[in-house]
Amino acid sequence: MSLNGWLQISLFIALILLLAKPMGSYLTSVFDVDSKTRRRTWLDPVLGPIERLLYRLTGVDREHEMRWTEYAFAMFAFSAVTLVLTYGVERLQGFLPWNTQHLPGVASDTALNTAISFTTNTNWQSYVPETTMSYLTQMLGLATHNFWSAAVGLALAVAFVRGIARRESKTLGNFWVDLTRGTLWILVPISVVFALALVSQGVVQNLRPYDHAKLVEPQTLTTTGADGKSVSTTVTTQTIAQGPVASQEAIKMLGTNGGGFFNANSAHPFENPTPLTNFLQMLSIFLIPAGLTVMLGKMVGSPKHGWAVLAAMTILWFVATFACYWAESQANPLMHNVDQRASLTMAGGNMEGKEVRFGIANSALFAAVTTDASCGAVNSMHDSFTPLGGMVPMVNILLGEIVFGGVGAGLYGMLVFVVVAVFIAGLMVGRTPEYLGKKIEAYDVQMAMLYLLIFPLLILGFAAVAVMMPTNGVSVLANKGPHGLSEVLYAYASATGNNGSAFAGSNWNTHWYNYSLGFAMFFGRFMMIVPMLAIAGNLAGKKIVPESAGTFPVTTPLFTVLLVSVIVIVGALTFFPVISLGPILEHLLLHAGHMF
Amino acid sequence: MKKHIVTAVLYTVVTGVLLGIVYPLAITGVAQLLFPKQADGELLTKNGEVIGSRLIGQTFTGASYFHGRPSNAGTGYDAGSSSGSNLGPTSKALIDRVQASVTTEQANGAVPVDLVTASGSGLDPDISPAAALYQVPRIAEQRKMSSQMVEALVRGHITQRQFGLLGEPRVNVLELNLALDEMARKE
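Each protein sequence line maps, in turn, to chains C and S.
In case it helps, the numbering used here puts the first sequence at residues 1 to 596.
In case it helps, the numbering used here puts the second sequence at residues 1 to 187.
No lab work stands behind these hints, which were simulated from the structure alone.
Keep in mind that a hint or two might mislead.
[As the list claims (entries may be wrong)] Dumping the calculated PhoX-like pairs for lysine-lysine here, alpha-carbon to alpha-carbon at most 20 Å:
1. C/214 x S/144
2. S/37 x C/214
3. C/214 x C/21
4. C/170 x C/439
5. S/144 x S/186
6. S/144 x S/46
7. S/92 x C/480
8. C/170 x C/543
9. C/229 x C/304
Computed from a predicted structure; not experimentally measured.
Full structure from sequences and hints, please.
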């Protein structure tokens, strides 16, 4: 670890904490539906007419308020229709325009997996984009979902916060209005500016066919032919994939989607060419989630509560970043005659799967940030991390991606933990727990537990089935030994948690993994939204009880510590056994000199 | 309920056109206008022919060229098929590959780690200054140049941290080799 590395990491978190407040105020103005208190934003003159036109074209009554069930139904209907669109575009891309490489339609299992993946904000990619997806599919089939699924997440988070804030109300707002305002006021304007900033640094943005460069030094490749004889071929050109990358890259990060335009994702120099683009990409992952905590505080009338939640997130972020940076700075003891020490002229450490321009600090920070949130973009290959370094992103996902978290999904995931934390505090003093003046009762806790149990059930259930199948489950894995188990565990955690990053070496593009991971992504998103909205709907209807001596304050450092403890204890109780068989065992074997 | 399904379909069509067609095309238009070179991938040309991109590495295996990092993109630095090795730290395949590279690159002292490990993209255009300086004696010998001259060339091609803070110092291998050829041509 170096001083410069920590300077970069400190600058990153300082900027996020500074931006949280203005972003939170802006989010509050955008999502305040009460016409009496709503504050205008400076984008209203431009976006107001577009918003009204959109409602007219799609038949939305903006004054209509929805109960939680109707809100959930509208959300589900929209997600289903957009899923079908993407599946259709993928299958038919051979007949559609902007297909400069004349790519055929995508195979049905891959197409379904991808459609679910992008609809659920996961962006798990079992395909190699540059040889599978046409420019139209990338733009219309995939980048659209980067907006839609993020806007859906935002809407759901806002609905949950309204559930806490409202008193004796039956409704949570209007799904279509929340979806529209999140898209037009938040996601589109920031993406436009961000995309152009990325291009200025070298992220490509064009619709030209792939280029073919004449190599400076032609290469002779020797391969063994089918008849056992070695064949020499001379390679004289380099194919350079192009595309409308920057426009997709911007919303990929801002919407915590993470689906790369290219196979190498944000490690690819055309997606992430400079340290500055890398820094901006990391900032954009946390920007909205950090702002949402401030919005929470403002909307429920307790700004300090928002800060207390943000503090819990920051603590968990720091622990993850420190652990990952430390682990990745270590040398691999199995390599000999290799200089792995950091110096003024090199980053050193575990450089397999990492880019020189990012080095160790920016790769470790990116890995922590992308899995703290449910982004899943990667600028280095997590599969090649040291055992403990790779354990950090895995644990981040297994904790539920609530550290800042995905756009919207992170906040409502965190608030479910808040409900559990308040409940536990109530048990400890023997009083009915209250949360911001609302009694937390059996129904709320049941729904919160349902939310917390669906998640490990899907991950551990699927992973257990996969490792019991020698052909479909195990033979496709790239690495043997405990690392292979880590790959399977990471895959189902990433899918269920809608993260999308991977221990990517294995061939996930098989029938079993495409369908089972698709199932995990679908239920990991929608099955968890139902109990979450049920809590919100139930909370909205409750009366406010006056604060008393027995009320557990949710604005203090004590609350922050309790919240962090609950998250860590729930995660550890659920996943420690399987983690000890994966990364921890691998760490011990690595230092005992074992190879697989 | 039926109303929501109709709205969902209409909403998908309208915003699909807006976000999936209008938005990327508008960004493409503005980008091509403001940053034409960057938007097309900073392509390098020689005698009117494209010979690479400044941002994408190429394979160099000859002893008289600076070598970049091992690559898992296609058959090596295939920018139509980016990829890392994704081999874990206890993988025998990884250790065997690294030790083979060590044998190829070994000169004086232990080999800098980035020179014998594959990047995440398989297209990494850079190596660390340490990895470039490590190769100076070989290049000087092969090209019959003084090692001071080659070292000065390397030092001239070190890209420092952005704004003196972000990222890591690095050397672009393709640009360095082009400069090396240029220097040899002039002599």
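Against the structure, the hints:
Annotation: proposed proximity of residue 214 of chain C to residue 144 of chain S is violated, straight-line Cα distance about 27 Å (limit 20 Å). Between residue 37 of chain S and residue 214 of chain C the CA atoms are separated by roughly 19 Å; this keeps the pair inside 20 Å, and the hint holds. Our distance criterion of 20 Å between C-alpha atoms is broken by residue 214 of chain C and residue 21 of chain C, whose separation comes to about 51 Å. For the hint pairing residue 170 of chain C with residue 439 of chain C, the CA-to-CA distance comes to about 16 Å; that is within 20 Å, so the pair holds.
Between residue 144 of chain S and residue 186 of chain S the CA atoms are separated by roughly 14 Å; this keeps the pair inside 20 Å, and the hint holds. This hinted pair does not check out: residue 144 of chain S and residue 46 of chain S have alpha carbons roughly 25 Å apart, beyond 20 Å. With a C-alpha separation of about 9 Å, the suggested pairing of residue 92 of chain S with residue 480 of chain C holds against the 20 Å cut-off. With a C-alpha separation of about 12 Å, the suggested pair residue 170 of chain C and residue 543 of chain C falls inside the 20 Å cut-off, and the hint holds.
Distance check on the hinted pair: residue 229 of chain C and residue 304 of chain C sit about 73 Å apart at the alpha-carbon level, beyond 20 Å; violated.
Checked against the numbered hints above, the structure breaks hints 1, 3, 6 and 9 and satisfies the rest.
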